[in-house]
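J.: Each chain is listed here by its residues.
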Amino acid sequence: MRPILTMIALLLPTVALADPKDDARRHFKMGLEAVAEDEPDYNTALQHFLAAQEAYPHPATLYNIARTYTDLNQLENALVYYRQFRDAAPDKAADVDPVISVIEARLGQDVAPVVGTGGGPAAGTTTVVVTGPTAEELARLQAISAELEALSRAINDRAEADKAAAVAGAGTATGDGTDEVDPANVGQDGQPIDGGEDGTINLPTTGFLEAAYERVVVTASRYGQEPLDSPSTITILTSEDLRISGATNIPDALRRVVGVDVMSPASSHAEISIRGFNRELNNKVLVLIDGRSTYIDFVGTTFWSGLPITIEEIERIEIIRGPGSAVYGANAMTGVINIITKAPGDYDVNSAHVDSGFPGLGRGTLMTSGTRGDTSWRATAGYRQMGRWAKDYRLQPDDSVQAFFPDQNTATETVRANLRVDRSFGNKGFAWLQGGFSDGFYEFYNIGALGDYGVEDNHTYLRFDAGYDPIHVRAFWNRNDMYTGPWTESESTVRTLNQKLDSDVVDFEIEAPTEFKTGDVEHKFNAGLGYRFKHTKFGYLEGGFRNPFEENHYSFFLSEEATLKRIKGVGTLRIDRHPLLPLSQTISPRLSGIVRMAKATSARVTGGTAFRAPNMLENYMLFDLNTSADGVFIRDYGGIPFEREDLGKRLNPERILTVEAGLHDESSLYHIADVAVYMNQVSGLIGLQSMTPGINAYDPVSNGIEVGYSGWVNNDPTYQGVGLEAETELFPMDGMDIFANVDVQTITETDGNQKIQDKSTSLLKTNVGWTYRTPYNTDISLQGHYVSDQVWRLREFDAAGQIVINEAELPARFLSTARVGVRPLEGEKLEFAATVWNIGGLFSDTDVREHPKGQPLQPVAFGSVDYSF
Amino acid sequence: MRFLIPFFVLAGCNYNAPLDDKLPPLSNVVSGTVVAPVSETPAPAYVLVFDALNPGPPAGTGSPVTFATVAPQDFFVEGAGFQAAQYSIGNLPDGDYIISVLLDRDGNFNPFTGTLAGSTCGDVIGGYIDPDNNPTPISVAGGTHTEGVTLFAALDVAQQRPAFKLGLGEPYDDKLNAVVLDKETGQKSAADQLLLFDLQYTLDATKVAIPYNQEDGLTLVMAGPEASPREPCTTRFPLLGVDADGDGEVDLRPEKAYQEAGIANIWPRVFLEYLGTPTVDEDGVPGFDNPFAEAGETWVGENFPFALEHGLGTGAVFPGIAQPNVPTPVDSMPVLWAPVAKHYYADTSQGEDVERFRGVEVGVDTVDLRVPNTGLDAVPSGVWRITVMNHQGQIWQLPNEASVAPFNVSLDPANYDPSTQGGFLMTE
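Same order as they appear, the protein sequences are chains A and B.
Every letter in the first sequence is one number past the one before it in this note's numbering, and letter 493, counting from 1, is 500.
Every letter in the second sequence is one number past the one before it in this note's numbering, and letter 336, counting from 1, is 1151.
Careful: at least some of the hints might be erroneous.
[As the list claims (entries may be wrong)] Only pairs whose alpha carbons sit at most 20 Å apart, straight line, appear in this in silico DMTMM-like list of lysine to aspartate or glutamate:
hint: 1; chain 1: B; residue 1: Lys837; chain 2: A; residue 2: Glu816
hint: 2; chain 1: A; residue 1: Lys860; chain 2: B; residue 2: Asp835
hint: 3; chain 1: A; residue 1: Lys762; chain 2: A; residue 2: Glu814
hint: 4; chain 1: B; residue 1: Lys837; chain 2: A; residue 2: Asp852
hint: 5; chain 1: B; residue 1: Lys837; chain 2: A; residue 2: Asp406
hint: 6; chain 1: B; residue 1: Lys837; chain 2: A; residue 2: Glu557
Derived by calculation from the structure, the hints in this document are not laboratory data.
The task is simple: from the sequences and hints, build the whole structure.
T.: Right, here's the structure in full:
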């Protein structure tokens, strides 16, 4: 039989093996629908399950194929797939071994197990004639039956345990977006597996597995849930989305997400905001990797080029639009981006990926992942370099400026590596240890007059997760060892801005999610405590690099989700104890109501607040800012000016209040759609104040004369934002995906009686994309990204040191991307691809900038090679 | 597809980023060494850069376009009684510059106020000079770094700045604390070849000290002690007749117009700057309404000490100038108002228009002393700042910051009368 199966597999047309989960999901569900009818159509179901397995292998699909073959009484094929299921999900072997034994017994043969999880189906196969057992066989089967009963009880116990474990682990963003096979479904709800009255063996009539390819989000509530149940507006980018987008960095991939603003002043620097308020070193979006904060606490931003992660190891990215402080505390002000990596062992492969092209682009990733017994691992190593979009000067040896990096053509060069090891302990316990680093340099644009900067960044982290139902603890340590300064600095500079920076953040969190029922109401309750220690030394802070600043933060959070039939209420509250802020300003509630209007359609209303705490630079800053005259400086103070107690404490957190309503629909197998409307009220934005002039004597320490001081204050204006976001994904046919989204928003700045339209954020943004995975081992994808014109209102110092608003217009822009990939080898383990980003840049000399002071975007064209082995 | 791979690899390895034309050009840097006599008193050095076309005192009335500082601890003894330190100054647009240096040994230099700018007694000054001790302009362009520009600071400043207050001559308005010159009643002077009017005022040297201490910073002391321990100099006007050609007589002013007018080269100089008409804002803060300021235009002028009493030409006998080139301290200085003023537009060109501002006929700019039809009424009415500059470039101005409680410069309340430094010259 095996040769026959192999031949059939080779003769089947090979459709793309490129992670088309959407196709797989559709076929999987259509298969389930076929068997759920009053008169199940097992042949149709089989074809769909086989198509799903071809599109994207999944253990649950293998099981359902086996199950369908069983119903079609094609036991030999069923046996093959049960064995494949067992091999694909070794931890479930105990669940199906009894079934396999029964079938083997009925077939009266000892068929060797089939190795591998993929492979072609056995569509038209031989009918197996089953005869009654012999007395010897019957005796053996009766023994098996007894054993199976014991196993069945064990399975029940394990199923309960796994349910609890799933709740405990969700907050750490495990999983790949599809639920794992639930062993409770196997042999649990069907008839007992034993001998029939007629002496034949009753085949297992367990239900089909319904949990596969499901879209699961974990970021909105710290546990896994369908997007339909999410209290927040959320978008998911899958690994397939990332791959097919051709993006070489995460921010570029995020451009296509509705409501997200991506602004790249340099090829190595991107700022991401959600629902407006973008700027250099944007500080209002919390970025997580597997739930671990990557927020650079001392300056309040995310350095995307310094993240220790490669695109190839990302399983999906969840983007929460709207306040997230109720779940994640400070700094999740306008949204949360959670990057979820591939779980170790999910991909028992080694892979290598290389990009090379223009401008100065070179990128490579090596990854290995595997499982042995209860232990899984994943190791990755990556390299990335990128040329600058433009340079300020063609520096000559006798020029008057010195460069932070000698190479004025390269914007970034980094290496990074990660190692993660997971281990399970029985049914209820797990531990997860991960460490990694990113080391290199990159260019970025600092705030305001500081302008173009460079940084050498050595970022390391260590993370530990452990759980034993229902307790989950998590700890991580983030360390940044940096050296930063202006990208170019005049050789005359007396007070150099080149400074060293060390930052350590240690975070510990414990939570205990539980589920219970009171009457007809199902509850998911979670409560936890957190602690974070920050230690920073930075040359821009008071006392300079030698003076460390330390902070201790504490947090308490709880959430309750109550479900009564179609109605769900979610209440979340988090209280952060910040050492410099009153408790009243760090309480973050969120209330949501969700109604399942249909099986796959839900409506939600959510209201909540969030805050951004002043970062350490804003609190403790003290440095001398150069002016155009080398002998003159402005002294910049933080919000806690220890040197000048007379200035008093000056900073409160920035706050946001948001009310939003949304509708999510997955009612057909051919689309997903979401619409959201929201209103924001933002206050207390932190910015530099006008210089207070003074005439002072020469300062021998600073070697100059202070002409005044400035510092961070909460600005008076409040901002009212109103917006509409709509997005849809369409799956019209196998291999084809289409997405489109649009968002419209206006932000009004109110300062006293004066109202101004803040046009720094585009009024209109829209994205469209089309992907076709052809049957000929070739993928084609096109994407377009349009943002309407912007008018940035730059807060700058005038000659007298007073803050003035300088308007700078950016015209509307359209960025398009095309990618073609081909996999010439059998098994599709090797792929060649060509990608062009910003196609218009190839044909136009018009500068396209995403920040008034940023560099003009270049087209990016590169080739890729990807090989799995 | 595969044939493209080598192309991409090559493209990544040979990338040369384009130049962003939007960015401003590189500014220029000048660097070198400051050389100064060894002193027991550590002092910072100020490297002052002047536009060569608008030099600072004593060659002109320009202010530094920028300056840099050299910390005292950066100096090292180089032997032979000299110490040296590296300096560097940047952000210079393309152009020609005169670079001077000031060692602020008494710690009271501040370039942002008239009262604190400039050298004081005890400081050491110098600059980039040629073998004849004349300032040498430095040309910079194209964002280059000009190295090796050595600044010699070797001239000890022996006298205090020419601080003064307005004398109670005629006409003097006590209420305004000002000398008021009535343009309508002005009469021609005896020096009838010039358009000089019988309008004069007196500048009286006054005692000023600006001691420095670590706790209080700069302390401006008016009419107080004669001198602090760090300023052991009296305040008087050093009257000096210049005899550059060595003929034993005071020379004529080097400027062509003055030479033709026969004006002797006498120090101190007295300069005027139009401030506008006096105003008081809603908070009671005095100020000036200058219709020219918004357009970036200025009126400047010059008056002449002793001119009425002793004539301006060569051969005139000035008290105390028995020997040219030797300064003679005097306590009081009569000054003659002359309608000598220049009207500059924002682009530094001299104006020629009439009826440009608020219907005021400013007439033809009074740049030529010999133009008979140019009268005092050609200059705008209002307040003029008086600046007295001595031959070493030291200056004093009225009104100055002392009259309006300047920023965080502390004042000695026991000895300070702000009205004395709030006085001004006003034309009506």
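J.: Tell me the numbers of any earlier hints that the structure contravenes, in ascending order.
T.: 6
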